[in-house]
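Going line by line, the protein sequences match chains A and B. For what it's worth, the numbering used here labels the leading residue of the first sequence as 13, then goes sequentially. For what it's worth, the numbering used here labels the leading residue of the second sequence as 4, then goes sequentially.
Source of the hints: derived by calculation from the structure; they are not laboratory data. Hints may contain errors.
Dumping the calculated BS3-like pairs for lysine-lysine here, alpha-carbon to alpha-carbon at most 27 Å [to be verified]:
#1 K191/B to K238/B
#2 K118/A to K319/B
#3 K18/A to K57/A
#4 K404/B to K118/A
#5 K18/A to K111/B
#6 K69/A to K111/B
#7 K404/B to K18/A
#8 K163/B to K26/A
#9 K26/A to K100/A
#10 K319/B to K18/A
#11 K26/A to K118/A
#12 K403/B to K118/A
#13 K313/B to K294/B
#14 K404/B to K394/B
#15 K26/A to K17/B
#16 K89/A to K18/A
#17 K88/A to K26/A
#18 K26/A to K191/B
#19 K184/B to K18/A
#20 K163/B to K69/A
#21 K42/A to K372/B
Some but not every residue of chain A turned toward chain B, in silico, with C-beta under 7 Å [to be verified]:
#22 S15
#23 Y17
#24 A44
#25 S47
#26 C48
#27 V71
#28 C73
#29 G109
Built from N, CA and C at the ideal position, the CB exists for glycine as well.
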Amino acid sequence: MDSIYKENIIDHYKNPRNFGDLPGADVIVKEANASCGDMLQLAIKFNRGQIGDIKFKSVGCAISTAAGSLLTEKVKKIKVIEVIRGIKDEDMIEMLGIEVSPTRMKCATLPLRALQKALRLRSG
Amino acid sequence: MNNVKSDFPILSRKINGQPLVYLDNAATTQKPRQVIEVIRDYYENHNANVHRGIHTLGDESTRMYQRAREKVADFVGASDPNELVFVRNTTEGINLVAYAWGMANVGKGDVIVTTEMEHHSNLVPWQELAKRVGARVEYVAVNQEGELDLDSLEKKLELKPKLLALVHVSNFLGTINPVKKIATLAKKNGTKVLIDGAQAVPQMPVNVSELGCDFYAFSGHKMYGPMGIGGLWVKREVLEEMQPFMTGGGTISEVHTVGTVFAGLPDRFDAGTPNVAGAVGLAAAVEYLEKIGMQNVRAHEKELTAYAVKKLKSIKSIRIYGPRNLEERGGLVAFSVEGIHAHDVAQVLDDEGIAVRSGHHCTMPMHEKLGLAATVRASFGIYNTKEEVDKLIEGLGKVKKVFHG
C-alpha cells in the first residue's frame, strides 16, 4: 500500500490554511470524532448571502487537519452557499488525493460534517 | 513459549508486504489452530441443540456444553461450575449484573462506586442503573502513577456503597489492581464487589474464589478463544437470589398461562439456544493456556513489557503512561509520540505490518484526566517476541521520519 502521508497531506497538516479564530464570525460550530479524540471548530462569516470568510481550528490527526485545510480553501474559492452544500464525502477524498480506508473515513469527513452543520444552523 | 507462533495460522500473514506483528492483544487475541479445529469439529460432527434432545447428537452437544462450562469454571477457580454463566463478553456480563442484581438491590439514594480508570463497559452500565433507580455513582481517583488512590477508595467505601465495580487489569494504563485487598476492605461494609477481568484472565492466574469478590466477568476472545462467548462468575449465594436477566426458552422449569417457575442454576440465565460452539471453543482455549501454564504466560508478557518500556523510554519524544513498577503492570504499554496524533502513528506502523491500537481505548474519563485525546497502545500476547518489539521501535523511527522529515 502506498503511504497516505503524501507530501501534500503533510504540508497541509503542518501548515494548515485558514487555521485559527475568526473574530466576528456569524456561526461557530464544533464537531468531534469521539472514538478518535479529534475535535474541530469551524467559524464562518457571511457576506451578502455568500461565504465571506471561513476558518477552522482542530486538535486531530494529519488526515482530519489536512481535510480541514483543503476544505476551507475550496469553500473560500466557491463562495456560493448552494454549491458548497453539494460537497460530498467523495469530494473530500478527491481533495485529499489519497485512498482512505473505512476506519479513516470519519477523519477525512470531520470538517465536512462541521461545515454541513454550520450551514444547517444558518438556514434554520 | 518459542514455538507457539506456529499454532496461530493468521500470524503467517503478510500485511502490506511485511510479516504481521500483532500487538493489539488487549483488544482481541488471535486464535490457535487447536481452538479453530475444535469449533470446526463441533459443527462437522456434533452440532445439535442442547438439552431435551434424546437423539445422539443432542446428547453429545449437551455433554460438550456441560464439559465446557466445567472446564472454564475450573480455570477461573469457581468452586462450582454452576456459578459460571455463559455470556457473550465482559460487557454483557456486567450488564447482566446491572439488570438482574442491580435493579433488585440498588435503590433511591444508594451509592455505586467505580473508578476513574474503568473501561466504559464497567462505567456506563452503572451510570444507567443509577439513572433508572435514582442512585448515584462515585469514582475512586487514580494517582499520577496510574494507581488507584487508596485514600480516595477508603473515603468512597465509607459511603457504604451497595456495589464496588472495578477493573482487575486496566486496558489503558496496564495497572494491576490489588483486587483481593480492595475486596476485603469493601466487605467490611457489606459492599458487593464486581471485577472486570477482561484483561486479567488472559494473562495471569486468576482464582475468583480466593479474590473475595461477588461477580467476576471476562471475555473468551481476549484469551485466545472465539468471539461471542465469555463468562460471568457469580458467588453461589448471590446468584441463587438473582432472577433471570432475559427470559424465554431454557430459563424455565414450568410455564403455565398463569405464571412461570424459573429453572435452577445455571439454566435460569441461559435464555434461548446458547453459543455451544463458542463455549466449546473457549474450553479449548482454556486447555491451550493450561498447557502453557498461566505463570509462564505472565512471566513471558512481563519480560516483553519490561523490554518494550525500556526501549520506548530511550526515545525522547515518547511519553509512557501507567505504573513504572513492572510488578504492577500487565502486558501492555500505552504511549504518545510528541506532536503526532495516535492515529497517524498507528497508520504508519500499519504500513510496516505492525498492528497497534490508537484512540482512547474506551477509557475516556482517564484520558480526560491526563489531558489526552488519544494514545497508542501496544499489548502483548503469548506469541510475541523481543524481535517484534524491536520492529515496533524501528517503526516508530519511521513515524518520526514521515512527520518530521
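Hints, verified against the model:
A hinted pair counts as satisfied when its Cα atoms are at most 27 Å apart, and K191/B with K238/B qualifies at roughly 17 Å. A threshold of 27 Å between alpha carbons decides the hint, and for K118/A with K319/B the separation of about 31 Å lies outside it, so the pair is violated. This hinted pair does not check out: K18/A and K57/A have alpha carbons roughly 32 Å apart, beyond 27 Å. With a C-alpha separation of about 25 Å, the suggested pairing of K404/B with K118/A holds against the 27 Å cut-off.
The suggested pairing of K18/A with K111/B is violated, with an alpha-carbon distance near 57 Å, which exceeds 27 Å. At most 27 Å may separate the alpha-carbon atoms for a hinted pair to count; K69/A and K111/B exceed this at roughly 44 Å. Of the supplied pair hints, the one linking K404/B and K18/A holds, its CA atoms being roughly 13 Å apart against a limit of 27 Å. For the hint pairing K163/B with K26/A, the CA-to-CA distance comes to about 53 Å; that exceeds 27 Å, so the pair is violated.
The hinted pair formed by K26/A and K100/A meets the criterion: a straight-line CA distance of about 25 Å does not exceed 27 Å. A distance of roughly 26 Å separates the Cα atoms of K319/B and K18/A; the hinted pair therefore holds under the 27 Å criterion. Restraint check for K26/A and K118/A: the C-alpha separation of about 20 Å stays at or below 27 Å, so the hint holds. Annotation: proposed proximity of K403/B to K118/A holds, straight-line Cα distance about 24 Å (limit 27 Å).
At most 27 Å may separate the alpha-carbon atoms for a hinted pair to count; K313/B and K294/B exceed this at roughly 30 Å. Note on K404/B and K394/B: the hinted pairing holds, with a Cα-Cα distance of about 15 Å set against a maximum of 27 Å. Under the criterion of a C-alpha separation no larger than 27 Å, the hint pairing K26/A with K17/B is inconsistent with the structure, at around 32 Å. Pair hint K89/A plus K18/A holds up; C-alpha atoms about 23 Å apart against a cutoff of 27 Å.
A threshold of 27 Å between alpha carbons decides the hint, and for K88/A with K26/A the separation of about 20 Å falls inside it, so the pair holds. Restraint check: the Cα-Cα separation between K26/A and K191/B comes to about 56 Å, which exceeds 27 Å; the hinted pair is violated. About 53 Å separates the Cα atoms of K184/B and K18/A, which puts this hinted pair outside 27 Å; it is violated. Restraint check: the Cα-Cα separation between K163/B and K69/A comes to about 46 Å, which exceeds 27 Å; the hinted pair is violated.
For the proposed pair K42/A and K372/B, the alpha carbon gap of about 21 Å is at most 27 Å, so the pair holds. With 7 Å as the threshold, the beta carbon of S15/A comes within range of chain B, its nearest partner Cβ sitting at about 6 Å, so the hint holds. For the restraint placing Y17/A at the interface with chain B, the shortest Cβ-Cβ distance is roughly 5 Å, inside the 7 Å limit, so the hint holds. Here the hint on A44/A is broken, as its CB sits about 9 Å from the closest CB of chain B, past 7 Å.
The restraint placing S47/A at the interface with chain B holds, with a minimum CB-CB distance near 6 Å, inside the 7 Å limit. About 6 Å separates the beta-carbon of C48/A from the nearest beta-carbon of chain B, less than 7 Å, and the hint is met. Annotation: V71/A was flagged as interfacial toward chain B, and the flag holds, the nearest CB pair being 6 Å apart, inside 7 Å. A distance limit of 7 Å between C-beta atoms decides the matter here; for C73/A the minimum to chain B is near 4 Å, and the interface restraint holds.
This hint is violated: G109/A has a C-beta 16 Å from the nearest C-beta of chain B, more than the 7 Å allowed.
Comparing the model with each numbered hint stated earlier shows that hints 2, 3, 5, 6, 8, 13, 15, 18, 19, 20, 24, 29 do not hold.
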